[in-house]
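Below, each chain spelled out in residue letters.
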Amino acid sequence: MKVYSGEIDLKTRGEGDIIDLSNQIVEHVKKSGVRNGLVSVFAVGSTVALTTMEYESGLKKDLIDALERIAPRDSEYQHHLRWGDYNGHSHVRASIVGPSLTIPLINGEVILGTWQQVVLLELDIRPRSRKVIVTVMGD
Amino acid sequence: MKVYSGEIDLKTRGEGDIIDLSNQIVEHVKKSGVRNGLVSVFAVGSTVALTTMEYESGLKKDLIDALERIAPRDSEYQHHLRWGDYNGHSHVRASIVGPSLTIPLINGEVILGTWQQVVLLELDIRPRSRKVIVTVMGD
Amino acid sequence: MKVYSGEIDLKTRGEGDIIDLSNQIVEHVKKSGVRNGLVSVFAVGSTVALTTMEYESGLKKDLIDALERIAPRDSEYQHHLRWGDYNGHSHVRASIVGPSLTIPLINGEVILGTWQQVVLLELDIRPRSRKVIVTVMGD
Numbered sequence: 001m002k003v004y005s006g007e008i009d010l011k012t013r014g015e016g017d018i019i020d021l022s023n024q025i026v027e028h029v030k031k032s033g034v035r036n037g038l039v040s041v042f043a044v045g046s047t048v049a050l051t052t053m054e055y056e057s058g059l060k061k062d063l064i065d066a067l068e069r070i071a072p073r074d075s076e077y078q079h080h081l082r083w084g085d086y087n088g089h090s091h092v093r094a095s096i097v098g099p100s101l102t103i104p105l106i107n108g109e110v111i112l113g114t115w116q117q118v119v120l121l122e123l124d125i126r127p128r129s130r131k132v133i134v135t136v137m138g139d
Numbered sequence: 001m002k003v004y005s006g007e008i009d010l011k012t013r014g015e016g017d018i019i020d021l022s023n024q025i026v027e028h029v030k031k032s033g034v035r036n037g038l039v040s041v042f043a044v045g046s047t048v049a050l051t052t053m054e055y056e057s058g059l060k061k062d063l064i065d066a067l068e069r070i071a072p073r074d075s076e077y078q079h080h081l082r083w084g085d086y087n088g089h090s091h092v093r094a095s096i097v098g099p100s101l102t103i104p105l106i107n108g109e110v111i112l113g114t115w116q117q118v119v120l121l122e123l124d125i126r127p128r129s130r131k132v133i134v135t136v137m138g139d
Numbered sequence: 001m002k003v004y005s006g007e008i009d010l011k012t013r014g015e016g017d018i019i020d021l022s023n024q025i026v027e028h029v030k031k032s033g034v035r036n037g038l039v040s041v042f043a044v045g046s047t048v049a050l051t052t053m054e055y056e057s058g059l060k061k062d063l064i065d066a067l068e069r070i071a072p073r074d075s076e077y078q079h080h081l082r083w084g085d086y087n088g089h090s091h092v093r094a095s096i097v098g099p100s101l102t103i104p105l106i107n108g109e110v111i112l113g114t115w116q117q118v119v120l121l122e123l124d125i126r127p128r129s130r131k132v133i134v135t136v137m138g139d
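Residue numbers (this note's numbering), protein chains in the order written: chain C, 1 to 139; chain E, 1 to 139; chain A, 1 to 139.
If we strip away everything but chain C, and leave its shape as in the complex, we get:
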């Protein structure tokens, strides 16, 4: 049984940027040498989230539109009154989507659907440097 820990570092273009992490996750899994077990992916920060989706430009827009329904950019946020950084909607969206995913690993293959990619959602209102931790555990 092995534990491997790797990091994906990236720069985002700001609000609504959605980045496909699938290939970089597969690279970390190869480096880990683990063939069967679990791959945990975790986004560090409170205005960023992880999920899976069919990675195509139409859906990227559609997903952000839905998050706008949940936490509209122009609503009033208590967070703004306190901090004046005007990203209350970013925080709320991130908490609802969540920062972590756990994906099965079987015979060296990360198990995802053909049209299912692992994506990072940049929800903050400005470009950010982001860190994603990839942990691989198993045999």
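Since the hints were made in silico from the structure, they are not lab data.
Here the structure is a predicted model, which means the values were calculated and not measured.
Be careful, since some hints might not be right.
Intra- or inter-copy, both count: the list cannot distinguish identical chains.
Capping the alpha-carbon separation at 25 Å, the derived lysine to any residue pairs in SDA-like fashion look like this [claimed, not checked]:
#, residue 1, residue 2
1, 2, 83
2, 131, 14
3, 2, 107
4, 11, 65
5, 31, 108
6, 11, 31
7, 61, 83
8, 61, 81
9, 131, 110
10, 30, 81
11, 11, 82
12, 11, 106
13, 11, 68
14, 61, 10
15, 61, 82
16, 61, 1
17, 131, 107
18, 30, 82
19, 31, 106
20, 30, 69
21, 11, 128
22, 131, 56
Model the placement of chains E and A on the given structure of chain C, informed by the hints.
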């Protein structure tokens, strides 16, 4: 320390179908022989999701109603313009709920609340064959 | 490779109560003796959820406001017709946010952002006793 990987295969009745996977998960845990550790459950595909809920017919309807607020079926979706498959809302709902769950395993028992079942949400607009991977790791 | 299982027991003040679990999670990790691997956190129950957020009072209000958009307290819920306990919105919110998180552990440190805490969301309409399971696996 052991790693066990099992699969649940099922056919859904299409949009809004919610299926209780708890018993099949417990069966896989028994087969694994693992007594303490983690059970990871992952739904393969980009128009399907996993979560937990009290599995009763009223709440099944209530949950779908809430997803309709987040991503209404009759909104405009960029995904439709591109692919013409009219399931943009299905994709968006799946990304927000998410495909993965990790559940504790203690003394051979999968730890869930009395009124808390693990469910698959079929969010696509037609009946689908679905695959769920159950990974059990521990002692 | 070790498996450790701990429990956080707490009493909530009812709907909208959000509790920072980060310190208690770190305590369990220390007790586990595990230095590298994964920390899984799971909330038992169907009207409670876990996520991460910047733990400050403004955002606690903002997050509940967003959940009110998704599942308004005063909507009609089929769950009420069946059970008469008037917490249909609580169940729906819990299923959408989800009960589980998996967080990386590197050199004895639980990897979270500076402004990112692990929180329990009490979504039920009355004060509850809650149980959260912390599982630590690794070397």
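Tell me, in ascending order, the numbers of any earlier hints that this structure violates. Those not satisfied are hints 1, 10, 11, 16, 18 and 20.
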